[in-house]
Amino acid sequence: MGVKLLLEKAHIPGIRSYDVYRREGGYRAVEKALKEMNPESIVEEVKKSGLRGRGGAGFPAGMKWSFIAKPEGVPRHLVCNADESEPGTFKDRYLMEFLPHLLIEGLIVSSFALGSNDTYIYIRGEYAWITNILETAIDEAKANGWLGKNILGTGFDCNIHVQRGAGAYICGEETALIESLEGKRGNPRIKPPFPAIQGLWQRPTVVNNVETLAAVVPIINMGGDEYAKIGVGRSTGTKLISACGNINKPGVYEIDMTISVEDFIYSDEYCGGIANGKKLKACIPGGSSVPILPANLLLKTAKGETRYMNYESLSDGGFATGSMMGSGGFIVLDEDQCIVKNTYTLARFYRHESCGQCSPCREGTGWMEKILQKIETGKGTSSDIDLLWDIQRKIEGNTICPLGDAAAWPVAAAIRHFRDEFEWHIQHPEEAQIRNFGLQHYADPIHVPA
Amino acid sequence: MNLQFNDEQMTECKRLVARYPEGKQKSAVLPVLHLAQDSFGGWLSTEAMDYVAQILNIEPIEVYEVATFYSMYNLKPVGKYVFEVCQTGPCMISGSDNIIQYIQQKLSIQPGETTQDGLFTLKLVECLGACGYAPMMQVGKIYREHLTKEKVDAIIAEYTQQAAHQQ
Ligand SMILES: Cc1cc2nc3c(=O)[nH]c(=O)nc-3n(C[C@H](O)[C@H](O)[C@H](O)COP(=O)(O)O)c2cc1C
Ligand code: SF4
Ligand code: FES
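Note that the protein sequences, when read in sequence, are chains A and B.
Each residue of the first sequence is one higher than the one before, starting from 1 at the first, in the working numbering.
Each residue of the second sequence is one higher than the one before, starting from 451 at the first, in the working numbering.
Chain A with its partners taken away, still in its complex shape (with noise of 0.2 angstroms):
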């Protein structure tokens, strides 16, 4: 069993409820950083952690914060991204139904740390249930002091309002989220101004995402150098990792970021192997944005070396042989699984949440969907798998948000690991739309069930 810091009260009955999380010990992290420590300290304490950034960049948090403005008389912000819409992602989810008050307090250290008097949270639209759930417990936390004027008697006043999106993926992007607070579409803005110096209303705002916030917790407690004790390298702490697709046990789980990729898959503690006794085609590690990977790609890198599920390792190779982090959606794929059209969905999806401010976005995004469906439904050319690539490559890098680059990243990494899944469905258009291409030689050569 690893190390559980965010999860692992989550199965006590009604750790939901206020009472049971402050008799389990909850709230004594706002207690610590309220009357102990300042704000520069609690920043001190989380860049010494090595906390980075949970939503997919990975960015170290600590640093982040040291970058607010703090000009005289202007009120700051800090807003909590619960947008939570990267296909394979639903981590956040879990975490603000199950242990909601853990993410109120991270958010009550955090906005203290940050002179946030006011804080949001974002959250995607449909998680209109989790909504409800939240203010209850901003509700219950007022009712007990830790929320409201002169907390703890510290003169320090915190509110924390949640606002619902409405259905765009685009809005989890950090300043097409602020667009979207300030009550308008979810254009992403162009950087620099960065929202440090001009988020929301112009003013300093800091966006993290809910399980960077809610890790601050457990950070407050026990310092920063032991949370950094925790895991290997630059990848500090626990991730939560939300799994699905084709395995045994899809859910979400917390690692410390020194297992395996391959314990993660076959253990039971985790996934427990991929369902119906079937192989191991490929796996989408982090969220549906990173690079695919056939499976003998995914278990070792192209060093041969074992592959561990953290930051380093998952991006090792780069993109030629490697993945990454991202969001910790863990997408598994068996045998069954047609690698063009799951490339063709993801397309789409980019396609349906360009925000259209970019033409390379706009139009590139629409134009690898249509030749995706028209490879997938047995139409395809010798000449568009070619074709994709090149749109691809002139999306990646031109765009004003990362959305374009996270629309071109699945369909190179598809064809650049199973061009030939590509090139049979183009030279076999009939048989394609009755079976699948299979394996191959994707197909992860350590467990193959008898």
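It is possible that some hints are incorrect.
What the hints assert, rightly or not - The calculated lysine to aspartate or glutamate pairs, modelled on EDC-like cross-linking and capped at a C-alpha distance of 16 angstroms, are:
hint	chain 1	residue 1	chain 2	residue 2
1	A	K184	B	E515
2	B	K474	A	E97
3	B	K591	A	E182
4	B	K476	A	E179
5	A	K184	B	E512
6	B	K556	B	E512
7	B	K474	A	E182
8	B	K474	A	E179
9	A	K184	B	E509
No wet-lab data here; the hints were simulated from the structure.
Please arrange chain B with the ligands on chain A, whose structure you already have, making use of the hints.
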């Protein structure tokens, strides 16, 4: 204007607006549109959007811009129960195609259509953050997960009965 929030809805509307600083009431447009959609029959007519603009003291175009951007706002009337079935990669590899086909067949409608009795609308949507519990759909404010054909049958029966009860 005929559309109006009742007292309870108006209280909720004021609570939503009060979350933002003085002069930033435009920020409340997303939550107030949700409230309007829930209050006025599950969709947003031009009249409903104009009403929201009036309450928030902003131009109608500022409301239209928002309402047309976000996929949760229905700009056309929908059935009493909207089945929003997820079709993205993780759900697809877990069998969402079969579920979508089954619902189409069972209700005799295509995606985007409503049954003749006005009860059900089928809408195909992208990842709803339930990939580990796939296949799944959202109906109103709740998620129905781990869908099978049997479960779909039961859900349709449940809502049909519920609607009959309310008549
Ligand atoms: C298209 C797009 C979608 C994103 N969606 C999310 C999201 O749903 N949740 C999230 O926390 N971060 C998301 N991000 C990353 C945010 O822009 C931002 O980096 C993050 O919230 C910062 O928090 P962190 O440093 O704690 O990870 C997204 C980025 C892009 C480009
Ligand atoms: S890259 Fe796409 S989503 Fe991002 S700003 Fe440009 S058009 Fe919008
Ligand atoms: S892919 Fe269907 S809920 Fe995520």
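Here's how the hints hold up against the structure:
1. A/K184 to B/E515: holds, 8 angstroms
2. B/K474 to A/E97: Outside the cut-off at roughly 30 angstroms; violated.
3. B/K591 to A/E182: violated, 24 angstroms
4. B/K476 to A/E179: Holds, at roughly 11 angstroms.
5. A/K184 to B/E512: holds, 8 angstroms
6. B/K556 to B/E512: Outside the cut-off at roughly 40 angstroms; violated.
7. B/K474 to A/E182: holds, 8 angstroms
8. B/K474 to A/E179: With Cα atoms ~12 angstroms apart, B/K474 and A/E179 stay inside 16 angstroms; holds.
9. A/K184 to B/E509: holds, 12 angstroms
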